[in-house]
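Residue numbers (our numbering), protein chains in the order written: chain B, 1 to 110; chain H, 1001 to 1110.
Note that these hints are calculated values from the structure, not bench results.
One thing to keep in mind: the hints can contain errors.
What the hints assert, rightly or not - According to the in silico footprint, chain H covers these stretches of chain B (three or more CB under 8 Å from chain H):
{"id": "1", "stretch": "12–23"}
{"id": "2", "stretch": "93–103"}
Said to hold, decoys possible - Sample of chain H residues facing chain B (criterion: CB under 7 Å; computed from the structure):
{"id": "3", "residue": "L1016"}
{"id": "4", "residue": "P1018"}
{"id": "5", "residue": "R1027"}
{"id": "6", "residue": "L1032"}
{"id": "7", "residue": "W1034"}
{"id": "8", "residue": "V1061"}
{"id": "9", "residue": "E1074"}
The beta carbon of each residue, even a glycine, is placed where N, CA and C say it ideally should be.
There are 2 protein chains.
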Amino acid sequence: MPTPDLTAVVYNADGLVPVVVQEATTRDVLMLAWMDAEALRRTLATGRATYWSRSRKEYWVKGETSGHTQAVREVRLDCDGDTILLTVDQTGPACHLETTTCFDSREPLR
Amino acid sequence: MPTPDLTAVVYNADGLVPVVVQEATTRDVLMLAWMDAEALRRTLATGRATYWSRSRKEYWVKGETSGHTQAVREVRLDCDGDTILLTVDQTGPACHLETTTCFDSREPLR
């Protein structure tokens, strides 16, 4: 397997990159999370989605406490390198509100 | 039509919110862009995806020059209010590199 080119990732001023998470089978957009370089390294090494929690200021293996894990199928970088698209197999609801996605709990704005 | 609750939108320190853009029919994730309150207002009022360009520091009606417009079907806010999911009918390629999505131009990291 060729070594992925991690130098192409463009982090923001806080050292973070936004990560769009999409379910592989349903193709639902589940959530947006953030990674720093270490969270990305851990995600690639373990195949389990690992984020940086901006509120708790700690690494966060998705589902570690809830059991609602994300097994990573694919990791893609966008054209200008500053957004990641993670394709995952989601176990259980993705949202801490127990909804399928984080976009299900409110009426649409339009 | 009830007035959407725009007070629920949580903007970052720069007054911006990340916007995940998904194609309504193919369900491809097309791109990530950014809106301020005025870009969101214009998007809701016109039904044409309008973003804030962080590099050019100006409003940007998607497809205004390329013709690759995004007609907005739905606008959803996530559980904590700091991410928008835009469902659109995309005309032509979404990416300025002429690929279908902004995630198509590189080898996956995994």
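Tested hints:
1. 12–23: Contact hint for the stretch 12–23 of chain B vs chain H: holds, 3 residues under 8 Å.
2. 93–103: holds (count 6)
3. L1016: 11 Å, violated
4. P1018: Holds: closest Cβ of chain B sits about 6 Å from H/P1018, inside 7 Å.
5. R1027: 4 Å, holds
6. L1032: 4 Å, holds
7. W1034: 10 Å, violated
8. V1061: Because about 16 Å separates H/V1061 from the closest Cβ in chain B, which is outside the 7 Å limit, the hint is violated.
9. E1074: 5 Å, holds
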